[in-house]
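Visitor: Fit chain B with the ligands to the known structure of chain A by using the hints.
Heads up: the protein sequence lines correspond to chains A and B, in order. Its first residue numbered 127, the first sequence is counted upward by one per residue in this note's numbering. Its first residue numbered 164, the second sequence is counted upward by one per residue in this note's numbering.
What the hints contain is simulated information worked out from the structure, not anything from laboratory work. Hints may be right or wrong, so weigh each one.
[Claimed, not checked] Output of the computed footprint for chain B on chain A, the stretches with three or more beta carbons under 8 Å from beta carbons of chain B:
id, stretch
1, 305 to 317
2, 323 to 330
[Said to hold, decoys possible] Derived SDA-like pairs: lysine to any residue, alpha-carbon spacing no greater than 20 Å straight-line:
id, chain 1, residue 1, chain 2, residue 2
3, A, LYS317, B, LYS271
4, A, LYS305, B, GLN225
5, B, LYS258, A, ALA399
6, B, LYS348, B, LYS300
7, B, LYS258, A, LYS274
8, B, LYS323, A, GLU315
9, A, LYS274, A, GLY357
10, B, LYS300, A, TYR404
11, A, LYS317, B, GLY262
12, B, LYS323, B, LYS258
13, B, LYS348, B, GLN321
14, B, LYS271, A, TYR271
15, B, LYS300, A, THR403
16, B, LYS258, A, PRO332
17, B, LYS300, A, ARG304
18, B, LYS199, B, ASP398
[To be verified] Stretch by stretch, here's where chain A covers chain B in the computed footprint (C-beta under 8 Å, at least three residues):
id, stretch
19, 236 to 244
20, 250 to 258
21, 428 to 442
Just so we're clear, the structure is a prediction, and the values are computed from it rather than from any experiment. Heads up, the beta-carbon is just placed ideally off N, CA and C, and yes, glycines get one too.
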Amino acid sequence: MATDRLRALALSVLILAAFLLAWQWGVQPDPAAGPAVDPEYAKLVGAAAATGGQTPMPGPLEVMARLWHHLADPFYVRGTNDMGLGIQLGYSIARVAAGYVLAAVVAIPLGFVIGMSPLLYRALDPFIQVLKPISPLAWMPLALYTIKDSSTSSIFVIFICSIWPMLINTAFGVASVRKEWLNVARTLEVKPLRRALTIILPAAAPTILTGMRISIGIAWLVIVAAEMLVGGTGIGYFVWNQWNNLSITDIITAILLIGLVGMVLDQALAWCARAVTYPE
Amino acid sequence: MAERYISLEGIGRRYPNPAGGGHTTIFEDLWLTLPKGTFTCIIGHSGCGKTTVLNILAGLDQSSEGVVVVDGTAIEGPSLDRAVIFQSHALLPWKTVIGNVAYAVRSKWPSWSRAAVLEHARRFIALVGLAGAEDKKPAHLSGGMKQRVGIARALSLQPKILLMDEPFSALDALTRGTLQDEVRKICQETGQTVLMITHDVDEAIYLADRIVLMTNGPGAVIAEVVENTLPVTRDRLDVHRHPAYYPLRNHIIDFLVTRSKAFEAERRALELAGTPWQARQPRLVRPGFSDPTLAITPATAAMSA
Ligand SMILES: Nc1ncnc2c1ncn2[C@@H]1O[C@H](COP(=O)(O)OP(=O)(O)O)[C@@H](O)[C@H]1O
Ligand SMILES: [Mg+2]
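Only chain A is shown next, with the shape it has when bound in the complex (with noise of 0.2 Å):
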């Protein structure tokens, strides 16, 4: 086992050195073309302009050395648009928690009611499944015109990104307890409400996390694309703005810590349900 895991261990290592030195041997200046423009040339006109406004790719030094850049100073801000990344991740965040436990307040106890109502489960299956299938951002327009803020109205297409899967998966973990165990409740004499926070609950409660994490993934990934499209702050903002910037080294940069960040949201959902989950 824990051989396993070293060698695993080794192996991821060794991937991530290979691919770093590709990368770094990718955006080297090919010596053979020789000098693509002339030195005095460049100083006159500037680096961009003379390699024909194309900014050269940067290496995987450059980007590490941003990075360090970033994470020795994440909480300046000079501007509106020069500020850390660390408060630029934190307004994301911050839209994203809003978004999602609002989302969680309405669709756990929503998922729970249908879930036990087989006549609501039936009427609102076809909303659910026509909304579904609609893409966040499609309700950014409305919610914008409604809203008319752009901070509140990322939450709201948070929130509308979230809903689904955990009301999915509550109501059909709550319409799946087994029912022996309704019955020990039934023989019990418990009522409603205990039988639904002693029974129902830890009962469905992997299936409801399950929900609550496929959830968290989507809106960690939304939320760049939202945060892009209505600018303002946070880090798809801050991606879209050095894209403006033509600074490639932050997006890379950007990129590696939406990705970190997403990691540890997912796994901190993935050890909530491994904390409610029971062998049977």
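Guide: Showing chain B with the ligands alone in chain A's frame:
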């Protein structure tokens, strides 16, 4: 005659036909009384409606007609007075052994302190021989141990009646034997009223005071009630040496092999003989003792058919 503690009065159960139109009658006009402190087994072929009878008595299923009277009142749904031991143990897998039993105890006595609940639960876990396993989750128990927890949970409620639906059928022979001994001992000590379903003839003979014979469905009826003629102090290992054992066992096996299928013919024969079968008063028979009801053997039933 013992008092009529629990009585099924003309109960019936019908299911609508899946093809549409009409109903299938699983059984109808079923009458049975369970005297206080007795152990009754229902025996019959699979699908005749034994589980349905037990679930109606438990309040988990509703009869299409008739009433169940417990201690003078007609029941309306499940009650803590009627504890059920489920065939599939039905333990809550996220709770520990003591958590499962304490959940039942707390349901029955909500005002008890936490310490009192745990103390009571621990006592019944020890009674079924599981002391030391209190903090285990059901997933870490063997099949026999899980069933013991189910028994402890039901007994901890100190119910008026204990209902068991083939509680040991999923266990190996050795475990089944031990659990039968324990259940018998506990029930005798506490004077519990018990209704148990089984399709194991030896189990019924060892445990029961009375064995109810149910014919095949649809339209199943209680053919008769067999009184267990073995002494109350019996030992599982040499119960088969008792002179009354084989007449009893043969009577039940004859019923399961032939009479349960052809009871309609037997009924007509009884009618002709002037001792008609009555739904309200299933005959009490004592195999092995000279009893007029023994005149009805499979052979005579087949002859008159
Ligand atoms: N929900 C149901 N719908 C239709 N028929 C049912 C239903 N439940 C049980 N039955 C029928 O009722 C009969 C008796 O079932 P059951 O009481 O489980 O029998 P037993 O416990 O004696 O094996 C069976 O023939 C079964 O098919
Ligand atoms: Mg059954």
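Visitor: Against each hint, give a clear statement of whether it holds in the structure.
Guide: Going down the list of hints, with the structure as the test:
Counting residues of the stretch 305 to 317 of chain A whose CB lies closer than 8 Å to any CB of chain B gives 9, so the stated coverage by that chain holds, three being the minimum. Evaluation of the coverage hint for the stretch 323 to 330 of chain A: fulfilled, as 4 residues show C-beta separations to chain B shorter than 8 Å, against a requirement of three. A C-alpha spacing of about 12 Å is found between A:LYS317 and B:LYS271, which places the hinted pair at or below 20 Å, so the restraint holds. Distance restraint check for A:LYS305 and B:GLN225: the Cα-Cα separation of roughly 16 Å lies within the 20 Å cut-off, and the hinted pair is therefore satisfied.
For the suggested pair B:LYS258 and A:ALA399, the alpha carbons sit about 17 Å apart, so the restraint of at most 20 Å is met. Among the hinted pairs, B:LYS348 with B:LYS300 is inconsistent with the structure: their alpha-carbon atoms are about 27 Å apart, more than 20 Å. For a cut-off of 20 Å, the pair hint linking B:LYS258 to A:LYS274 is broken: about 49 Å separates their Cα positions. The hinted pair formed by B:LYS323 and A:GLU315 meets the criterion: a straight-line CA distance of about 15 Å does not exceed 20 Å.
A C-alpha spacing of about 14 Å is found between A:LYS274 and A:GLY357, which places the hinted pair at or below 20 Å, so the restraint holds. As the CA atoms of B:LYS300 and A:TYR404 are separated by approximately 9 Å, the hinted pair is consistent with the 20 Å bound. Proposed proximity of A:LYS317 and B:GLY262 is supported: the alpha carbons are some 18 Å apart, at most 20 Å. Of the pairs offered as hints, the one joining B:LYS323 and B:LYS258 is violated, with about 26 Å between alpha carbons and a cut-off of 20 Å exceeded.
Between B:LYS348 and B:GLN321 the alpha-carbon distance is near 15 Å, which keeps this suggested pair within the 20 Å criterion. Taking the CA atoms of B:LYS271 and A:TYR271, the gap is near 57 Å; set against the 20 Å cutoff, the hint is violated. Straight-line distance between C-alpha atoms of B:LYS300 and A:THR403 comes to about 12 Å, which keeps the hinted pair within the 20 Å bound. Between the alpha carbons of B:LYS258 and A:PRO332 the distance comes to roughly 15 Å, so the proposed pair stays at or under 20 Å and holds.
For a cut-off of 20 Å, the pair hint linking B:LYS300 to A:ARG304 stands: about 18 Å separates their Cα positions. For the proposed pair B:LYS199 and B:ASP398, the alpha carbon gap of about 23 Å is over 20 Å, so the pair is violated. By the rule of at least three residues with a Cβ nearer than 8 Å to a Cβ of chain A, the coverage given for the stretch 236 to 244 of chain B holds, with 4 such residues. Given as covered by chain A, the stretch 250 to 258 of chain B passes the check, having 5 residues with a CB less than 8 Å from a CB of that chain where 3 are the minimum.
Counting residues of the stretch 428 to 442 of chain B whose C-beta sits closer than 8 Å to any C-beta of chain A gives 0, which falls short of three, so the coverage hint is violated.
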